[in-house]
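**Student:** Here the sequence shown is numbered in the numbering used here, starting from 10 and rising by one per residue.
No lab work stands behind these hints, which were simulated from the structure alone.
Heads up, a few of these hints could be off.
Claimed, not checked - With beta-carbon atoms standing in for the labels, derived distance ranges:
#, residue 1, residue 2, range
1, THR18, GLN70, 16 to 26 Å
2, ILE122, LYS99, 16 to 26 Å
3, GLY68, THR120, 33 to 43 Å
Remember, predicted model here, so these are calculated numbers, not experimental data.
In this text, a Cβ means the ideal position worked out from N, Cα and C, and glycines have one as well.
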Amino acid sequence: NALRDILRTCDGVVSGSTALRVLLPANDAYSTSWSPTDLDIYVPFRLLTLIACLLDGQGYQLQLRTPVDVAGYAGSSIHSVLAFSKGHYKIDVVVSVNTASIAPVFQFHTTAIMNFVTA
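All chains, full assembly: derive it from the sequences and hints.
**Tutor:** Put into structure tokens, the structure is as follows:
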């Protein structure tokens with residue numbers, strides 16, 4: 010699986026709706042009939058160029074570079090967010106300022122959305 014290889018190579022983690030979907034698959038008991046709309050991959054700054062190259066190799070195109078206003082996050086660990094797309098598939102790459110890919114996830118405003126999966 011290409012995604013699993015990219016996550017391993019780039020020390021990446023998946024968070025957001027896709028991770029939640031993995032943790033809570035479609036099930037009548039949980040009423041999880043929704044589908045994720047994009048894929049959020051978190052990587053350390055040192056591997057930014059590598060993940061961009063690997064996604065490009067899979068046919069994804071860089072859409073825009075979104076500056077992150079870190080003023081609202083004391084000690085924010087987000088360096089930048091890159092948006093990639095391939096047809097209707099979308100990937101947001103959240104770049105951590107330090108060596109821990111997962112650091113930005115722990116800055117979410119509530120523990121209910123602090124979920125992640127990795128390869």
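**Student:** Taking 16 to 26 Å as the stated bounds, is the beta-carbon spacing between ILE122 and LYS99 within them?
**Tutor:** holds (18 Å)
**Student:** Can you tell me whether the CB distance of THR18 to GLN70 sits inside 16 to 26 Å?
**Tutor:** Since THR18 and GLN70 have Cβ atoms about 20 Å apart, the given range 16 to 26 Å holds.
**Student:** Does 33 to 43 Å hold as the CB distance between GLY68 and THR120, or does it fail?
**Tutor:** holds (36 Å)
Hint violations for this structure: none, all hints satisfied.
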